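Those protein sequence lines, which keep their order, are chains R and X.
Take the first sequence: its letter number 223 is residue 223 in the numbering used here, and every next letter is one higher.
Take the second sequence: its letter number 108 is residue 108 in the numbering used here, and every next letter is one higher.
Source of the hints: derived by calculation from the structure; they are not laboratory data.
Just so it is clear, the structure is predicted and the values come from calculations on it, not from any experiment.
Please note that a few of the clues may not be correct.
Intra- or inter-copy, both count: the list cannot distinguish identical chains.
35 Å max Cα-Cα, derived DSBU-like pairs, lysine-lysine [unchecked claim]:
#1 LYS167 <-> LYS99
#2 LYS39 <-> LYS99
#3 LYS57 <-> LYS30
#4 LYS167 <-> LYS57
2 protein chains.
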Amino acid sequence: MSPTAAIIVIGNEILSGRTQDININHIAQKLAIAGIKLKEARIIPDDRHVIINTVNKLRAAVDYVFTTGGIGPTHDDITSDCVAEAFGVPNEIHPESFKLLEHYIGAENFNEARQRMAYLPRGAKPIANPVSIAPGYVIGNVYVMAGVPQIMQAMLDNIIPTLRHGKPILSKSWYAYQASEGKVAKDLEAIQKKFPQTDIGSYPFYNESKQNGVALVVKGQDQQAVENAAQDIYNLLVNMGYQPHEGEPQK
Amino acid sequence: MSPTAAIIVIGNEILSGRTQDININHIAQKLAIAGIKLKEARIIPDDRHVIINTVNKLRAAVDYVFTTGGIGPTHDDITSDCVAEAFGVPNEIHPESFKLLEHYIGAENFNEARQRMAYLPRGAKPIANPVSIAPGYVIGNVYVMAGVPQIMQAMLDNIIPTLRHGKPILSKSWYAYQASEGKVAKDLEAIQKKFPQTDIGSYPFYNESKQNGVALVVKGQDQQAVENAAQDIYNLLVNMGYQPHEGEPQK
C-alpha cells in the first residue's frame with residue numbers, strides 16, 4: 001500500500017484572499033513523485049481550537065501530515081503552541097536550535113520574539129532551514145514547515161528523503177483542441193472500466209486564444225496499465241478526428 | 001454576526017499536483033468584500049464517501065458552503081450524485097436545464113453523457129452558466145459550481161448578490177523593505193492587544209530582487225479601529241527607521 005498524506009495550511013492570509021497559496025501544489029507534486037498519496041488538504045485559520053483539532057484528526061487518518069505557516073516570531077504565529085498541545089507536550093526551548101539562531105541573528109538582537117522560533121514541542125526533531133535558519137520540525141508523523149514558499153520548499157527537500165516512499169504515481173496526458181468532454185465521455189468511461197488500476201480524468205481547458213479543448217489524463221502506479229490506457233485514449237481521439245498531443249496547450 | 005462560509009474543492013487533479021487551484025483565492029476575495037467570513041477550505045478527492053461526508057459536515061458548520069468541480073459530463077464528475085445523497089434526495093433530470101442544454105448543444109449531439117449535466121438533486125435551484133450553459137445550483141445552503149475558473153467565476157457572480165452580506169472586511173497593509181518580523185514582533189503584539197477588534201498579521205516577503213522585508217496587515221470590520229491600528233503600525237515602522245509604503249513590493 002502506498003503511504004498517505006494530508007496537508008494543513010495554517011493562515012488567515014489565505015482565507016482572507018490576500019495570498020494565493022502555492023504550497024499545496026508544490027507539496028502535492030513532490031509527494032506524487034515519492035509515490036505518497038495526498039488524501040486531503042485543508043486551509044484553516046490562525047485559531048488554536050481549529051489547529052489542535054485538525055492536527056489530531058488528520059494525524060490519526062494518514063501516514064504523514066504536513067503543516068505550513070505560523071512558525072515565525074510574531075503574535076499570530078501559534079502553530080508550535082498548538083501542535084505541542086495536540087501532542088500533549090510542552091512547547092519549550094530546543095537548546096540546539098536556540099544556539100544556532102542566536103549565532104545567526106547575533107546575541108544582541110536575539111530578543112524574546114525571535115527566541116520563540118527556538119521553541120519546539122518536546123520530542124520534536126528539527127528540520128534544517130537553510131534560508132533563514134529558524135527550523136521546522138517533525139513530531140510523530142506531523143511535519144511542521146514555514147509558510148514562506150522558499151523556506152517551505154527547502155524544508156520539504158530535507159523531509160522527502162526521510163519518508164517511506166511508494167511506487168511513483170505515473171501520469172500521461174493528451175491534449176486535444178476542439179475536443180469536447182461530452183463527445184468522448186462514454187468511450188472514456190469504457191476505457192476507465194477496462195483499466196480499473198488507473199485513474200482517468202477529463203479536464204476541459206479554455207485558454208486566452210480561445211483554443212478550447214480537453215485534457216485527458218491517466219494516472220496510476222502500474223506503468224503498463226497507464227501506457228495501455230493512454231494508448232486507448234489516443235486511439236479514441238484520433239478516431240474522432242482530433243489531433244492529440246502531449247504538451248500543454250499554448251496560452 | 002457576519003455570515004460564515006466554507007469551500008470544498010473537489011478534484012483529484014489538485015491533490016495530484018497537476019493543477020494549481022486558483023478558485024479558493026477568487027472566492028475568498030469575493031466573500032471578503034461581501035463581509036462573509038471564510039472559515040475553512042478543503043481540497044478533497046473524487047471519492048463518494050469523502051464528498052458526502054465533507055458536504056454534510058461543513059453545511060452543518062457554516063452559513064454557506066461553496067463547492068467547485070465535478071459537475072461535467074464525464075465518469076469522474078460525481079459531485080451531483082454525492083450532493084444528492086448528502087441531502088437524501090434523488091439526482092434527477094431538471095426539465096428546464098435539460099431544455100436549455102438541448103437547445104444549446106443541439107438535439108442530435110445531446111447524448112447521455114451530456115444529459116448528465118441536466119441532472120440536479122431534487123429541490124436544487126439552478127445557477128446560470130453564461131460560458132457553457134450547463135448550470136451550477138444551490139440546494140439548502142450548498143452552492144455547487146464548476147471547477148473551470150472562468151465558469152466558476154461567472155456562477156459566483158450570480159450567487160454573491162443572493163447571499164446575506166456582513167459588514168465588509170476592511171484591510172490596510174504596510175510594506176517595509178529590510179524590516180524584520182523579529183524586530184517589530186513585540187510592539188506589534190501590543191498594537192494587536194490595543195485593537196482587539198482587528199486582526200493583525202505579519203508576513204515576511206522574499207522577492208526575486210532580494211528586496212526582503214515584511215508586510216503588516218490590519219483587517220477588521222470596524223473602520224476606525226482598522227485605521228487607528230494601521231496608523232500605530234505606520235508610526236512603529238517609521239520610528240524604527242523604515243519607510244513603510246502601501247503598495248505591493250516590486251517583483
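Structure-based check of all given hints:
1. LYS167 <-> LYS99: neither (40 Å within a copy, 47 Å between copies)
2. LYS39 <-> LYS99: Neither, since 37 Å and 38 Å both go past 35 Å.
3. LYS57 <-> LYS30: Result: close both inside a copy and across copies, 23 Å intra and 30 Å inter.
4. LYS167 <-> LYS57: both (26 Å within a copy, 33 Å between copies)
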